[in-house]
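*Asks:* What follows is the residue order along each chain.
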Amino acid sequence: MNKLLKLAFAGAVALSLTTTVASADSAKGQKLYAKKLKKACGFSGAKMAGKHTQDEWEEIQSEGKLNDEIKKQCGKTTKDKYLPHLYDFFYKFASDSGNVPSC
Amino acid sequence: MRKKIIALSAVAALSVNAFATDNSDITLQLELLKKQIASLEKKMNKNTKKIKKVAKKVKRTGKKLNKVKAHDAGDNIKWDVDFRTTVDNIDYKKADGTHSKNHDLLSNRLLLNMKFKADEKVTFYGTLAYNKTFGSSTDTNPNYANFDWITNETATTDSTLRVKEAYWLYMNDTFFGTDVSWTASIGRRPSTGGLGISYREGDKPKSAIASTVNVEFDGASFRWNLGNVTPLPGAWFKICMGRGLTNAKPRFAMDGTDYSNNDMLTEDSDMIGLIAVPYDDGQYSLWTNYAQASHLIGYDMNDMMAFQMAAGAYQTNPNGTNLAEYMNAANSMKFQDVGDISYTTVMFKADGIGSEINDFLDNTTFFTSYSTSKTDPTSGKRMLGSPDSKTGNSIWVGVQMPCPLTEDGRLGLEWNKGSKYWRSMTYAEDTAIGSKIAARGTATEVYWIKPLTPSLTFNARYTYIDYDYTGSNGFFGDEGTPMTMDQAKAAGQNPVDTASDIRASIRYRF
Numbered sequence: 001m002n003k004l005l006k007l008a009f010a011g012a013v014a015l016s017l018t019t020t021v022a023s024a025d026s027a028k029g030q031k032l033y034a035k036k037l038k039k040a041c042g043f044s045g046a047k048m049a050g051k052h053t054q055d056e057w058e059e060i061q062s063e064g065k066l067n068d069e070i071k072k073q074c075g076k077t078t079k080d081k082y083l084p085h086l087y088d089f090f091y092k093f094a095s096d097s098g099n100v101p102s103c
Numbered sequence: 001m002r003k004k005i006i007a008l009s010a011v012a013a014l015s016v017n018a019f020a021t022d023n024s025d026i027t028l029q030l031e032l033l034k035k036q037i038a039s040l041e042k043k044m045n046k047n048t049k050k051i052k053k054v055a056k057k058v059k060r061t062g063k064k065l066n067k068v069k070a071h072d073a074g075d076n077i078k079w080d081v082d083f084r085t086t087v088d089n090i091d092y093k094k095a096d097g098t099h100s101k102n103h104d105l106l107s108n109r110l111l112l113n114m115k116f117k118a119d120e121k122v123t124f125y126g127t128l129a130y131n132k133t134f135g136s137s138t139d140t141n142p143n144y145a146n147f148d149w150i151t152n153e154t155a156t157t158d159s160t161l162r163v164k165e166a167y168w169l170y171m172n173d174t175f176f177g178t179d180v181s182w183t184a185s186i187g188r189r190p191s192t193g194g195l196g197i198s199y200r201e202g203d204k205p206k207s208a209i210a211s212t213v214n215v216e217f218d219g220a221s222f223r224w225n226l227g228n229v230t231p232l233p234g235a236w237f238k239i240c241m242g243r244g245l246t247n248a249k250p251r252f253a254m255d256g257t258d259y260s261n262n263d264m265l266t267e268d269s270d271m272i273g274l275i276a277v278p279y280d281d282g283q284y285s286l287w288t289n290y291a292q293a294s295h296l297i298g299y300d301m302n303d304m305m306a307f308q309m310a311a312g313a314y315q316t317n318p319n320g321t322n323l324a325e326y327m328n329a330a331n332s333m334k335f336q337d338v339g340d341i342s343y344t345t346v347m348f349k350a351d352g353i354g355s356e357i358n359d360f361l362d363n364t365t366f367f368t369s370y371s372t373s374k375t376d377p378t379s380g381k382r383m384l385g386s387p388d389s390k391t392g393n394s395i396w397v398g399v400q401m402p403c404p405l406t407e408d409g410r411l412g413l414e415w416n417k418g419s420k421y422w423r424s425m426t427y428a429e430d431t432a433i434g435s436k437i438a439a440r441g442t443a444t445e446v447y448w449i450k451p452l453t454p455s456l457t458f459n460a461r462y463t464y465i466d467y468d469y470t471g472s473n474g475f476f477g478d479e480g481t482p483m484t485m486d487q488a489k490a491a492g493q494n495p496v497d498t499a500s501d502i503r504a505s506i507r508y509r510f
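Line by line, the protein sequences are chains C and V.
So in our numbering, spot 29 of the first sequence is number 29, and the numbers just go up one at a time.
So in our numbering, spot 291 of the second sequence is number 291, and the numbers just go up one at a time.
By construction, these hints were calculated from the structure, which means they are not laboratory data.
Heads up, some of the hints might be wrong.
To give an idea of the chain V side of the interface with chain C (calculated C-beta under 8 Å), a few residues [as the list claims (entries may be wrong)]:
| no. | residue |
| --- | --- |
| 1 | Gly74 |
| 2 | Asn76 |
| 3 | Lys78 |
| 4 | Pro233 |
| 5 | Gly282 |
| 6 | Asp300 |
Just so you know, even glycine gets a beta-carbon here, dropped at the ideal spot from N, CA and C.
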């Protein structure tokens with residue numbers, strides 16, 4: 001293998017092994033919504049996220065009422081371990097976020 | 001009377017005495033009240049001052065907001081950036097055992113993604129792209145590197161910024177009053193980086209199924225979601241159509257008929273396809289696809305042989321006569337309309353294995369597909385070297401799992417095998433050694449994706465292709481004729497037998 005490639009590879013591998021990117025993830029949240037909630041909710045994740053502004057989602061999350069809100073919209077709750085990812089997704093695509101979910 | 005007066009006087013005296021005693025209490029209470037009122041007044045004054053301060057702050061903030069509004073009003077595109085630097089170590093082993101290599105092919109790719117939700121029902125999407133090797137080229141004849149189907153997936157030697165995607169998307173929750181949500185879209189399609197090929201890049205899949213279609217084209221798509229009106233969870237279907245080639249004359253045509261059909265060229269080449277997903281529960285899904293492309297292009301064997309002979313003669317003896325013959329042969333090598341092709345695909349995908357068995361399986365993705373291609377040559381022409389209809393097939397299997405060495409890395413393995421007459425339309429696949437999906441042979445790939453920061457990702461990938469037959473990445477005429485390596489050598493050719501690519505890249509996305 002060429003020297004330049006070896007160096008680039010080794011450097012990147014060393015750097016990679018020492019870093020961990022934070023775990024809550026809106027992409028994961030979007031996937032979880034599709035797998036665990038979409039059927040019960042009856043509408044897309046984008047629609048669910050758009051039901052509140054970012055401030056409202058923030059308030060719901062800080063008051064620990066995210067699962068209550070999910071139950072209100074979808075008629076069922078979900079596991080606590082999914083909530084950080086779902087919150088990230090809802091916040092990212094809230095009605096006033098300006099973000100556009102993928103089609 | 002007197003008794004009454006005395007009695008009344010006594011009552012009056014008693015009252016005065018009582019009043020005299022209460023009065024001092026009342027005075028005390030009044031004094032206390034006065035003090036309390038004074039204290040309250042003081043507090044109110046303080047609050048009034050605070051309120052005035054807050055009012056001033058609100059006014060200042062309002063002014064700032066107005067400035068921001070004035071600055072950003074009319075900004076009707078949201079941008080995000082995807083920038084990647086790549087180094088490829090490439091090695092082609094020829095049938096005669098020689099190698100063609102490039103140890104350090106360096107390139108930069110920039111994608112500027114645009115989105116804007118203009119109103120409740122309409123969104124605009126677009127991508128501007130730039131993909132360029134480091135440095136200028138010493139090769140003045142880059143062949144088909146700028147072909148429109150692959151123009152943004154090929155690392156060229158110029159710095160032109162091109163449009164990779166640009167389309168609007170209309171969405172509606174009801175279709176003629178039914179509970180069927182639907183979308184419509186026209187523009188330069190998101191037809192590269194589709195389902196299957198997206199995993200190794202850590203991307204979300206775009207519109208097409210990448211086992212058969214991975215090319216840029218301009219067209220339209222219409223999708224209907226049937227999950228609410230059928231017992232099939234998550235079911236939907238989409239019709240896509242587009243134009244891959246146009247024979248319109250350019251502006252300032254010699255005969256003055258700008259943009260009219262040029263009858264001396266092949267006809268417009270169009271494609272129409274149907275993607276149907278009968279089942280998608282968010283974890284497991286089944287995808288099917290049928291597509292048909294018409295008036296496909298290719299070369300005639302006689303023209304190719306004449307060109308090769310002229311090229312060989314010029315290389316051996318670069319004189320004026322040979323140069324003229326070489327240029328003449330090159331000009332005569334025109335595309336011909338050789339016929340149509342149809343594709344079918346069935347793909348199964350699992351986002352997570354089982355139901356919460358463990359975190360590893362929850363975060364593992366598996367997919368497998370089976371695809372066919374079938375030619376329909378125009379009368380008197382040959383497709384893939386044959387005047388008869390030929391069918392090819394391809395199997396593709398892939399898995400992506402959490403990396404056991406790191407907390408957030410992903411490790412992937414993919415394998416695909418194509419048959420003798422397999423011909424996909426995957427020219428825009430982002431593989432430096434040529435589309436692995438198009439291989440008439442076996443392709444194996446292993447990759448590792450590791451996020452470094454929320455915006456930087458490192459990707460390492462090894463791809464190995466072992467060709468059983470020639471012509472995997474050609475067009476649809478005689479240049480796509482499948483020959484074994486021995487047959488090709490016997491015919492005086494020296495095709496690529498195996499190819500490998502070790503790729504490392506760092507990508508910025510935010």
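*Asks:* Next step is simple, just say for each hint if it's right about the structure.
*Replies:* Now for the hints, and whether the structure bears them out:
1. Gly74: For V/Gly74, the interface hint is violated, since the closest Cβ of chain C sits about 14 Å away, which is over 8 Å.
2. Asn76: 11 Å, violated
3. Lys78: Since chain C brings a Cβ to about 6 Å from V/Lys78, closer than 8 Å, the hint holds.
4. Pro233: 6 Å, holds
5. Gly282: Since chain C brings a Cβ to about 4 Å from V/Gly282, closer than 8 Å, the hint holds.
6. Asp300: V/Asp300 check fails; min Cβ-Cβ to chain C is 41 Å, beyond 8 Å.
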